[in-house]
Amino acid sequence: MESSYGRPLLGRILGEKFNLSSSKLEEALAHQQEKGGRLGEVLLHLRALREEELLEGLALQFGLPWMPQLESANIDHELIKKVPIAFCRRYRVLPLWHKDREILVASTDPLETVALDDLRLLLGKPVQPVLTTGVSLLARLNRAYDETASPTGAEDVMEDIAASESLDQIAHELDEPQDLLDATDEAPIIRLVNSVLFQAIRQRASDIHFESFERGLVIRYRIDGVLYPVLTPPKRLQPSIIARIKIMAGLNIAEKRLPQDGRFAIRTAGKDVDLRVSVLPTSHGERVVLRLLEKENRLLNLSEMGFSGERLSAIHQLIQLTHGIILVTGPTGSGKTTTLYAALSHINSPDKNIITVEDPVEYQLVGIGQMQVNPKINLSFAAGLRSILRQDPDVIMIGEIRDRETAEIAIHASLTGHLVFSTLHTNDAASAATRLIDMGIEPFLVASSVVAVLAQRLLRKICPDCKTAYQPSREELSRLELPPDTQTMLYRGAGCPACSQTGYRGRTGIFELLMLDDDIRRLIGAKADSAAIKHAAVTKGMVSLKQEGAERVLQGHTTLEEVMRITQQEIEV
464 MESSYGRPLL GRILGEKFNL SSSKLEEALA HQQEKGGRLG EVLLHLRALR
514 EEELLEGLAL QFGLPWMPQL ESANIDHELI KKVPIAFCRR YRVLPLWHKD
564 REILVASTDP LETVALDDLR LLLGKPVQPV LTTGVSLLAR LNRAYDETAS
614 PTGAEDVMED IAASESLDQI AHELDEPQDL LDATDEAPII RLVNSVLFQA
664 IRQRASDIHF ESFERGLVIR YRIDGVLYPV LTPPKRLQPS IIARIKIMAG
714 LNIAEKRLPQ DGRFAIRTAG KDVDLRVSVL PTSHGERVVL RLLEKENRLL
764 NLSEMGFSGE RLSAIHQLIQ LTHGIILVTG PTGSGKTTTL YAALSHINSP
814 DKNIITVEDP VEYQLVGIGQ MQVNPKINLS FAAGLRSILR QDPDVIMIGE
864 IRDRETAEIA IHASLTGHLV FSTLHTNDAA SAATRLIDMG IEPFLVASSV
914 VAVLAQRLLR KICPDCKTAY QPSREELSRL ELPPDTQTML YRGAGCPACS
964 QTGYRGRTGI FELLMLDDDI RRLIGAKADS AAIKHAAVTK GMVSLKQEGA
1014 ERVLQGHTTL EEVMRITQQE IEV
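Taking my numbering as reference, the numbering of the sequence shown is continuous, increasing by one, and the terminal residue is 1036.
Any given hint might turn out to be false.
With a straight-line cut-off of 25 Å between C-alpha atoms, the simulated PhoX-like cross-links for lysine-lysine are [claimed, not checked]:
#, residue 1, residue 2
1, 719, 698
2, 719, 734
3, 839, 719
4, 588, 562
5, 734, 544
6, 545, 698
7, 562, 544
8, 544, 588
9, 588, 545
Keep in mind the hints are simulated off the structure, nothing from the lab.
These numbers come from a predicted model, not from an experiment.
Start from the sequences, fold in the hints, and give me the full structure.
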């Protein structure tokens, strides 16, 4: 049975291929007759079938190729450059590649003939539509235009600015573009700042630094924990660039004597990104640091953090305890908060009341009450913690123990039947107990409340695209505690476009888990120093940060230089 256009009926195709019931089809046809619309849209509205089933049925009806996944499609970027991204998004089309004398174009609608005709005229060749899902098309579209964008966009804008004669009017307020890939603002400073933001997100930067010096402005990205200079605009552009950032963050552009904090959100390549802004006055002008947080970044679970099998099992047992303090230690930017979030997500369940007090709240956790400290209204960690204890919590997370008052309340909470998670700034796990004692906490209280301390660091991983093997020298083998005649290979990254020529891409954690048993508690109660506590823990089998770093080097995950940089000393047992 065919339609009046000579094509098989859509309802029949969907019934034969996807078991669409006749009753659902009749219901959809009645709905269509009453309210109008396409049959496929009505079926989706009635939830009679999924989008991909409908589109595959339409592909069969119209005799078009069906390509449910476009992620692996090798896009012709020369075609992409000829078609504006706004056009592709509006009509849900994407040029793919040349095939014989035609150009394949991904689409979500076989009846979108107007857009296909426009593409035929724009590209100068016949086009052949290929049906795909909306999710797959938008994901590949964003990625394709992201890859096509010039990596030297900021430098190109700098050349435009150098040729411009009027700079005093270019840092005025404009509406923020919905997506940086759509930005068409002509003001050079606006385009420069947009380009800097776009490249930072593309290169996976966590922070952008605008640093004012005597002779100019230096823009640097922090990628995988390391700062890299990317641009040095002339000094005369400094006020306009910083004013533009302040406008985006809603800050006072006239105030240049006091520190300011703000935030704003942007969208680029389909990603929503929150930016926290910190402005600091210095002797050579204002200094700005932006912290980038992608909203789509999902939280890691504990199994993805880099724990070894035995240590992961120990962590799982620890976080199921009903009382006690579990501390995570390490310097700023070592992933402590990520570890705590992963632990809270693991134990989060309807039968537990979990409340946190943080500065600031990094990510929203569903089902967990999160409070942000606010010094302006005297809401400190200690004040927030007192209020939390009146909320009948089972588990409490304190963003950081900074003073004696917070430490005392945390210990009191742990001794009265609460499981408490928190962080400390110490170099290793053994130093956590001595740090609490230095704050004025009685040693016996530390020994009786703390159940475990996890020290951690983040190591850059070798880029998989340019990873190369080499024979280590005697000195390197010695640092790894291996005999000089050991036959093994180590690895390093040669540098490639995927890792911005750094040889590293992504990071993983190394950990040092100190479990407090009776012997360790006796040492803490006797005010033993951190060296004695660490020696006792290593004797009982604790793997130190440096030892775990050496294991990661031998496994080919990272380099010896990276482990030495992170641990700040040579590897030794």
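Query raised in the report: Can you name, in rising order, the numbers of the hints this structure does not satisfy?
Result: 2, 6
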